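For the sequence shown, this note's numbering assigns the number 2 to the initial residue and increments by one for each residue that follows.
Keep in mind that the hints were calculated from the coordinates and are not lab data. Check the hints yourself; a few may be wrong.
[Unchecked claim] Label-pair ranges, simulated between beta-carbon atoms:
no.: 1; residue 1: G47; residue 2: L8; range: 26 to 32 Å
no.: 2; residue 1: L8; residue 2: G35; range: 14 to 20 Å
no.: 3; residue 1: E45; residue 2: L20; range: 28 to 34 Å
no.: 4; residue 1: G47; residue 2: T24; range: 29 to 35 Å
no.: 5; residue 1: P23; residue 2: A3; range: 35 to 41 Å
no.: 6; residue 1: D34; residue 2: N9; range: 36 to 42 Å
These numbers come from a predicted model, not from an experiment. A virtual CB, placed ideally from N, CA and C, is assigned to each residue, including glycine.
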Amino acid sequence: MAFEDLLNDPVIQKYLHELVGPTGMPVAAAPPDGEVTDEELAEELG
């Protein structure tokens, strides 16, 4: 099952919503391409 198909599953949507909350849902639904480390993110955000 493709990642996009998983996001259309209401059970998966509810689980993600419980896990990341409403503000985290856009991030969970559109992850960045490739791997992003905490260090890279901290450097980018200052």
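To see whether the hints hold, each was checked on the structure:
no., hint, verdict
1, G47 with L8: 26 to 32 Å, "holds, 31 Å"
2, L8 with G35: 14 to 20 Å, "holds, 19 Å"
3, E45 with L20: 28 to 34 Å, "violated, 24 Å"
4, G47 with T24: 29 to 35 Å, "violated, 20 Å"
5, P23 with A3: 35 to 41 Å, "violated, 24 Å"
6, D34 with N9: 36 to 42 Å, "violated, 20 Å"
In summary, the structure is inconsistent with hints 3, 4, 5 and 6 from the numbered list given earlier, while agreeing with the others.
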